[in-house]
Amino acid sequence: YHNAVMVGIGTVLKVDPLLNVRYFKVAVQPKAVVIDKDLKIPVHCRLIKERAADLIVITSQESMLSYK
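Quick note on my numbering: the sequence shown kicks off at 60 and runs consecutively.
Since the hints were derived computationally from the structure, they do not count as laboratory data.
Treat the hints loosely; a few may be bogus.
What the hints assert, rightly or not - Subject to a maximum C-alpha distance of 20 Å in a straight line, what follows is the list of computed DMTMM-like cross-link-like pairs (lysine to aspartate or glutamate):
| hint | residue 1 | residue 2 |
| --- | --- | --- |
| 1 | Lys108 | Glu121 |
| 2 | Lys96 | Glu121 |
| 3 | Lys90 | Asp113 |
| 4 | Lys99 | Glu109 |
| 5 | Lys84 | Asp113 |
| 6 | Lys108 | Asp75 |
Please construct the entire structure, taking both the sequences and the accompanying hints into account.
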């Protein structure tokens with residue numbers, strides 16, 4: 060019933076969730092949204108490995124400048 064599932068980076072680091080619907084069939088999976096102001100999301104996490112096309116990472120401008 061929702062277009063997205065949102066968590067903070069702490070949940071990603073602790074639980075490594077997929078943020079998808081698993082208990083009943085859906086036509087389209089909701090987008091996965093992660094709030095990560097320092098870009099700490101690991102490249103080996105399941106969201107990046109399995110849901111990169113549906114993943115939205117919200118970060119700060121400062122972390123984007125230092126990421127280069």
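- Task: Hint by hint, work out which the structure violates, then give me just those numbers in ascending order.
- Result: 1
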